[in-house]
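Engineer: Which chain is which? The protein sequence lines are A and B, in order.
For the first sequence, counting from 1, position 77 maps to 77 in full-length UniProt numbering; every step adds exactly one.
For the second sequence, counting from 1, position 233 maps to 233 in full-length UniProt numbering; every step adds exactly one.
Just so you know, nobody snuck in bad clues.
Identical copies go unnamed one by one, so any copy, or any two together, can satisfy a pair.
Listed next, the in silico BS3-like pairs over lysine-lysine satisfying Cα-Cα at most 30 Å (straight line): (1) K224 to K197; (2) K197 to K74; (3) K82 to K197; (4) K197 to K120.
Simulated from the structure, these hints should not be mistaken for laboratory data.
Protein chains: 2
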Amino acid sequence: MAALTLALDAMGGDHGPSVVIGALKQALNSVSDTHFIVVGDETELTELLTKANLLDHPRITLKHASQTVTMTDKPGYSLRAKPDSSMRVALELVADGSADACVSAGNTGALMTKAYFTLKTLPGVLRPALMSAIPQARGGSAFILDLGANPVCDSDTLFQFGIMGSVAAQQVLNIDRPRVALLNMGSEEIKGNDVVKTAAQLLQQSPQVNYIGFIEGDDLFAGKADVIVCDGFVGNIALKSCEGLAELLLDNIRTNIHAHWLTRWFVKLFYRRLQKSWDWLKPDHYNGASLIGLRGVVIKSHGDANERAFLSAIEQALEETQQHLPSRIRDRVEDVLLEQE
Amino acid sequence: MAALTLALDAMGGDHGPSVVIGALKQALNSVSDTHFIVVGDETELTELLTKANLLDHPRITLKHASQTVTMTDKPGYSLRAKPDSSMRVALELVADGSADACVSAGNTGALMTKAYFTLKTLPGVLRPALMSAIPQARGGSAFILDLGANPVCDSDTLFQFGIMGSVAAQQVLNIDRPRVALLNMGSEEIKGNDVVKTAAQLLQQSPQVNYIGFIEGDDLFAGKADVIVCDGFVGNIALKSCEGLAELLLDNIRTNIHAHWLTRWFVKLFYRRLQKSWDWLKPDHYNGASLIGLRGVVIKSHGDANERAFLSAIEQALEETQQHLPSRIRDRVEDVLLEQE
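Throw the hints in and build the complete structure from the sequences for me.
Structural biologist: And the structure:
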């Protein structure tokens, strides 16, 4: 039997199951010792697996699910009306111990709601958070959380995000004492709202975290922190704004290149270099985002993910599982709660 | 006598009064019919004006102020301890009618606090807002507010920002029925927190504003809205994150260019094109940000502004003054309040 088992929601994402099966084929080559449970419409998946010569592969199990969560389904609706969706079934495989982790490229809101409902939070954890790695100027990555699981957070929740992010940076990014910062509208202590100010005090007082203070938006990619904490509203808008701007900026640069025959001539060579910069700046697309604080590993792949991007999400799920991220977070949160008693 | 009078805080900004005097010299050529009151240390300014051959210029008045607000002064401290700062004196010239508008490149927090204290908000206006133009994909600009004057906003305040931004887009951007959107973490009605949801209802119900719904961060530059409304915490972090990312992205592109002798050869030609894209994406630097909702025009120039950027801030102050932005906002807010009665 394989050491790890991964449940793949094959029906999520903008491009449907063919991307998931394509990524799975690559994963079977690159990843050893892992079993995959592919969840979704049996007829459609059988056809795709047959085409890919994977139908009776010893490391693949096909698990039928009669429903599919669409990208426009509202979270509450999908929870009530789609109990047999591929997403829900994949999450339940993690909940009942049949799988170690789950990857889905489906509707983010639905995934968060279903994951919260199905897997529950770890003991002591107030709220799960959506966390992603973002590139840093001097190389390497930093984790940023929350990216949209919680539109409103209190100080205790932000404090816990600091703890959880710190554990994740240690385990996944291999950083010894991760520098944890709060995202704020100014770096001075008096700046911001009461929630971040109180969260700053909590982080400052805790020996469990290497808190370095506030950072501003323009330091998001500056390599000043390893873990950047904010509420889901701010995190979502900050990261999506960056995506919007990068797209516009590259469009603009392309236009400027095309405006001159000499630069146009170089466009092919240059375009790949640009593309490299751009891919690097779409961590959600490239790496997948983790839903942490739950009793299991759940990775949200970008809905627009191609095979390579979905493969990255699979690799991320394996990494977090091998590093026992949920139980490490549980232990640390327990330590913090014991200290506070 | 000149038609308009502008008060310039000559001591603000990272580069001190020489940038302001340099910009003033350019403004005297490009702008007719305007008188300038230069506020700051008399000795230092006399020396600089003498060097620039501007000492007895008929359109310049020198106004001494014994104190200077530093970039690190806390707003409350600067308000209490520096009543004779160049920033405060420049604002008071607007308050007492000696000047039509004021431009400062000084400490943003101090400027907002002093402006609020000295000029007060317009009748019916709950809170002033910091507003800036940002470039849009298909050309043109959109206004975004608030960018940091209010770390926490209630729904009524966001609603008023929509009204004020709408008036500004009509008067300054010459857009007939500006499309007003709320920045949210999702475009569906159920997304976000209670404050934006209630603000959405208020905007939807008002005939005074062309409300088009929520937009997400990645649409900030997409040309979907003419006025983008959010609280100061979110706006500040969104725009600064974009600045941070753009800087990193261009750094990265430059590195990729430099890595190959063929592209390196083109770097001089290309650098200027890149620089063009980049300048265009730093609206705060390029245009200055407006503090609106007050009984007078106040423009915050970027602290790092060079002469050309400071000149843009001067031009923006003149534009808003000529368009009678404060009284237009007052009238519209009055209309809205009458409707709500």
